[in-house]
Structures are given as structure tokens and as C-alpha cells.
Amino acid sequence: DAMVIQNPRYQVTQFGKPVTLSCSQTLNHNVMYWYQQKSSQAPKLLFHYYDKDFNNEADTPDNFQSRRPNTSFCFLDIRSPGLGDTAMYLCATWGAPRTDTQYFGPGTRLTVL
Amino acid sequence: AQKVTQAQTEISVVEKEDVTLDCVYETRDTTYYLFWYKQPPSGELVFLIRRNSFDEQNEISGRYSWNFQKSTSSFNFTITASQVVDSAVYFCALSNAGNNRKLIWGLGTSLAVNP
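Those sequence lines, one after another, are chains S and P.
So for the first sequence, my numbering puts the first residue at 24; every next one is plus one.
So for the second sequence, my numbering puts the first residue at 70; every next one is plus one.
Among the hints, erroneous ones may be present.
[As the list claims (entries may be wrong)] Subject to a maximum C-alpha distance of 20 Å in a straight line, what follows is the list of computed SDA-like cross-link-like pairs (lysine to any residue):
| no. | chain 1 | residue 1 | chain 2 | residue 2 |
| --- | --- | --- | --- | --- |
| 1 | S | 75 | S | 92 |
| 2 | S | 67 | P | 116 |
| 3 | S | 67 | P | 72 |
| 4 | P | 171 | S | 88 |
| 5 | S | 61 | P | 113 |
| 6 | P | 171 | S | 53 |
| 7 | P | 72 | S | 82 |
| 8 | S | 61 | P | 77 |
| 9 | P | 72 | P | 94 |
| 10 | P | 171 | P | 77 |
| 11 | P | 107 | S | 65 |
| 12 | P | 171 | S | 76 |
| 13 | S | 67 | P | 139 |
| 14 | P | 171 | S | 51 |
| 15 | P | 171 | S | 70 |
| 16 | S | 67 | P | 70 |
| 17 | S | 61 | P | 109 |
| 18 | P | 139 | P | 96 |
| 19 | S | 67 | P | 95 |
| 20 | P | 171 | S | 64 |
| 21 | P | 171 | S | 84 |
Just so you know, the hints here were simulated from the structure itself, not pulled from any lab data.
Just so we're clear, the structure is a prediction, and the values are computed from it rather than from any experiment.
Excised from the complex, chain S in its bound form:
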């Protein structure tokens, strides 16, 4: 059974049009992460939540925001997408069946036209 679920799997948006990506987890873990991964690169951490505490990486653009209404759900909002935001967005959490292991969702491929 999927532990980290992301919707949609594919998203196309227009330059400047806000977009929201969603993530849910069944592991009931208190930490959730959002990564951006561009082609042929390693994942880049955007921010993470420890419970409701939001932790932004220093180089994450202000254009990227996040919400975590409860333990299970986390959203990534891109307020005014630019062409450079075309990427795979990955959500992750830690937890069972192996503790101290980060598990990833299938990702959302975002294309900005």
C-alpha cells in the first residue's frame, strides 16, 4: 500500500498562474518534506515541517509556500510559477516499516508553459 501519495502526478500550468500540489501520508509521522528535482539533478530540499513548525531552506524562493493543515496532509503552493519551476516535486516523510528511513511519494511532474 502506498505510504506517501501525491496528486496530481502530472500538472501543466501557465506562466504566472498559481498552482497547488498535494501530498498525504499514511505513516502518521510528524515530519514531512518537499523537494524540487530538476532534470539530471539531485533532489533539492525546499522546506520541511516538524509537526506544525515550518522550516524553510535559506535558498528557497519566496514564490514557494507550504501548508500543513494536519499530520497527514501537506501542500506546496507556487504563487507565480516561472519557466524555471518546471521540475519534479517530491514529498517525503520518515517512518515505518523501517524507522530512520525517508520514504518518497511518486512525485508530481510540473510543467510551466
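Assemble chain P onto chain S, guided by the hints.
Quick look at chain P alone, frame taken from chain S:
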């Protein structure tokens, strides 16, 4: 500072060959974790293995094996008798211990297994 180096950007082998993917890490922490993830063309990051800094035992899982050596700060990954389905990008990663753990990623090694 923590760092993970995967010196091999791309590797190409013929099916049934053995292949080793190198990973070298840097950290000042005494407790840390090392990971390998596989990323096939579909894009999902698939967890392969985790090792903690106190466990230097090598591990074998089917055709996959891992060699962890603290003396050389290396955590290498070997695929025996490679198959086309092994074609993917493989990432090595390092995390600290504690509540606010983050993964430090290598740049990945793209493995192409040709029939």
C-alpha cells in the same frame, strides 16, 4: 560540513556484467545514516538500503550488495549480473541523527544496462 560524492556520473554496461557504484561521504557526526535510492525513468525515488554509522556489516539482498567502510568513508553499491531493469539513476545520501534530520544527496550515477 556534510557532503556526499558520487564520482561516476554515468556508467554503461552490458547485461550480466557486475557493476559497482561508488559513494564517498564526509561528516563530523559520530552518529549518521547512509542510504541508497534508485530512481527509474518514472521518477519515483525507491529506497534500497539504510546503514547506520555503527553498523559496518556488509549487506546482500539478491543481486545487490553494499560495502560500508568507515576507514575510507565509503558506502559502495554493487549489482551482480546486471539486468536491463536495473537501468536507473542511483543516489547515495547521508543524514544526521536527531529530530530534524535532512538528507544530503550525492549527484547521482546514471546506470544504463544494455541488452
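Going down the list of hints, with the structure as the test:
1. S/75 x S/92: 8 Å, holds
2. S/67 x P/116: Holds, at roughly 17 Å.
3. S/67 x P/72: 14 Å, holds
4. P/171 x S/88: 19 Å, holds
5. S/61 x P/113: 13 Å, holds
6. P/171 x S/53: With a Cα-Cα distance of about 14 Å, the restraint between residue 171 of chain P and residue 53 of chain S holds, given a limit of 20 Å.
7. P/72 x S/82: Judged against 20 Å, a Cα distance of about 18 Å means the pair holds.
8. S/61 x P/77: Answer holds: residue 61 of chain S to residue 77 of chain P is near 19 Å, not above 20 Å.
9. P/72 x P/94: 6 Å, holds
10. P/171 x P/77: 23 Å, violated
11. P/107 x S/65: 12 Å, holds
12. P/171 x S/76: 15 Å, holds
13. S/67 x P/139: 26 Å, violated
14. P/171 x S/51: With Cα atoms ~18 Å apart, residue 171 of chain P and residue 51 of chain S stay inside 20 Å; holds.
15. P/171 x S/70: 10 Å, holds
16. S/67 x P/70: OK: residue 67 of chain S and residue 70 of chain P at ~17 Å, within 20 Å.
17. S/61 x P/109: It holds: about 15 Å lies between the C-alpha atoms, which stays within 20 Å.
18. P/139 x P/96: Given pair residue 139 of chain P, residue 96 of chain P holds - Cα atoms ~11 Å apart, limit 20 Å.
19. S/67 x P/95: Judged against 20 Å, a Cα distance of about 19 Å means the pair holds.
20. P/171 x S/64: 17 Å, holds
21. P/171 x S/84: Holds, at about 19 Å.
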